[in-house]
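Novice: Please model the complete structure; the sequences and the hints are all you need to start from.
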Amino acid sequence: MKKSNLLYLFFIPAFLFGNLNNLDSQVPQGFNYQAIARDNSGNPITNTTLKVKLSILSDSTGFYSGTGGTYVWEEEHSNVKTNSFGMFTVVLGSPAAVKIQGTAPTFSAVNWSVANLYIGTKIAQAPGYIYKVMGSAKLWSVPYSMMANDISGALKKLTVTGETNNMEEALFEVKNINGQTVFAVYNEGVRVYVDDGAAKGTKGGFAIGSFDQAKGSQEYFVVNSDCVRVYIDKDPGKAVKGGFAIGSFNPAKAGVDEYLRVTDDSTRIYVSESSKGVKGGFAIGSFNNSKSPVTNYVNLTPNNYLIGQEAGGKITNGLYNTFMGYQAGKENNDGSSNVFIGYLAGEKNTSGSGNIFLGVNAGQDFQQGFNNTYIGSLAGQNFPAGNSNIFIGRNAGSGYNFPTGQTPGSNNIVIGNFSAYYLNTGLNNVFMGNMSGFWNTSGYENLFSGNSSGYGNVSGFENVFLGSSAGYNNTTGHQNVYLGTRSGYNNQTGYRNVFIGIQAGYSLSSGDGNVFIGAGAGGSDANQSDRLYIENSAVNSTSALIYGEFDNDYLRLNANTDVFGRLGIGKNAVGARLDVAASNWDVLNTEGDLRIGDGNYRFKVGVSTAGGGAGDVRLTAHGGTNRLILGGGGKEVLALTATQIYPWSDNTFSLGLPSYRWTTIYAVNGTINTSDARLKTNVASLDYGINEIMKLRPVSYNWIDKPEGRKMLGLIAQDVASVIVEVVDKGNDSFQTLGINYSELIPVLINGIQEQQKIIRNQQQQIETLIERISAIEAMVGNR
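Residue numbers (my numbering): 43 to 826.
There are no misleading hints in this set.
Restraint-style ranges between C-beta atoms, simulated for each label pair:
#1 Asn-614 - Thr-535: 38 to 46 Å
#2 Gly-773 - Leu-812: 52 to 60 Å
#3 Arg-752 - Trp-690: 29 to 37 Å
#4 Asn-614 - Thr-779: 47 to 55 Å
#5 Gly-781 - Asp-595: 53 to 61 Å
#6 Phe-214 - Asn-121: 41 to 49 Å
Since the hints were made in silico from the structure, they are not lab data. C-beta atoms are modelled at their ideal positions from N, C-alpha and C, and glycine is treated no differently.
Specialist: As structure tokens, this is what we get:
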């Protein structure tokens, strides 16, 4: 029996899988088609690639036999794969399918309103891919997506009727792709929602406009998240219709009364000057159903401009005021020409005039005074009166805890947050910098510039503090000048001090009449007066570059000093680079022309002006060891005492040079060469003796520079160098002058004498032996 393939079809329309709530989404073209392919034995054709043809038929007669059928649409799907159950799925109307035949030019053109439509199926398998008709079936329901597409056309009439009394339940909604409501109709009205983000183009927000087939659309009124725009035709040929206007009309009267008019060159608000009471001018207010009076929020008249709840609410005689902000200038009665802008700005002012208060609570407690300027949140908040004050900054000139009964100061200039926070009676001050003059209450005529400068000043007056935290802790000190960051930082009560430099006078807490110049100058003393420091550190008087005492006429220099002019000490007329005048020099006296040291230990240089030694220049050491040390090249060389002159270091220095010689050295007891065995090493017997002595040539001579001088005796160094080189010294002068150490020839002479003495002894012994022999011979001869 011939087997035939069986095809079990499962048609699944697209609307079963769609979201019926998303009617505003894009209409899909096509619907799912699902079937199970089986062979003639009924076994599923699993995991196999097929070709499938799907057809839409208006008449299926003859379709099964392959000879008939009226085709509206037929398409072919390649590479259709069955799963492990033999099931395959395709989309009828898929863009990937290829049209085979049919009266509809495209799938989207299929007329689904035809009474009877059928779906036919054909499949083909490898290797030959010969199509076999599997059958057809009637479509009993039109796929929603096909029919819904017709809604995109024109509708003659659409009616939506509500079925609920819930005011918050929409009768009709339009949502965007994210499911957010854009347009909704409720029982009580219509709501339009726009995106909070930046709208692209002019389509964002809400718009009223016009359109013209020839000219395109034109927006007239647009509401966006960031603005409201009214578009006005600029064509001046349209008379009064140009621009934007709000007015009134009366059928009984000709013409129109305009209240608000906006054109390309102006915005005008028309008010009636003849109106009485608060209705005159331009006003924006509120009302309720109770009998409470109307609350004005904007009240503009030729006399005063008032904007804000209760702003200028009590004005009776005051003129030309501008009050903006909640209760700004609320208590103002007679005050005129004031500008109060900000929450509670100038709230309690009653009669003050010519004042400018800008900022939240600026000048809130101010009551009377003229020509004041407060700018900043809480600027001058508690300052009740005063004239010509300028407070700029948050809480500047706040007047916190202002004492009752005190007369507020005037003519102060305060710039900086919390500057002059406690100011009350002080006047003629200038404070610049955050928290400058913070505690100043009654201090006057001070100049503070820099953050926290004069921070602690309470009553100090006529001070000049320039620099961050300069004079920070000053309380009552007056007439001080501090220039530099933290200069005079801890001084509280001192007066007439001058500190210049970063932290100059930092440690001083009290003291008067000091002058400190330099970073940190003034040392670490907390209390000193009439002192001078010029120094770039906080060292004390013994180390400061320049230290002085005004009260003692004392000046000390701790520095190398270059004087290019003339310096006189004790002289009125200076006659030399250094001119020192003093009384007659005395070796034991503390006086002298120049003294180094103190009264106990000193070095003196002086000139005798009387007696036999008049004109002598003398140097002397006095006190302690009484040594006068001379040196050169950074080293001590020679020490002088009352009884000795000796080299400062042992076995280090020589006296004289080959080219700079002494002529004669006189001594009473001779000279002594140290020869202690404890100071010597490598000691050996001398090799030089009589033979070397016999090679020396003693000579007499005269010096070339003194040919007529005394005849000299000695040796020639060149001769000696060839015999005993150790005693010859070669100079380090340009001629390398040779010299002889005659004292070192003494050991050679001694050794030579000793050798000669040995010879003499030997010869004496020989002589004595010969004498004995001769005597013996003579005796023998005589006995004959």
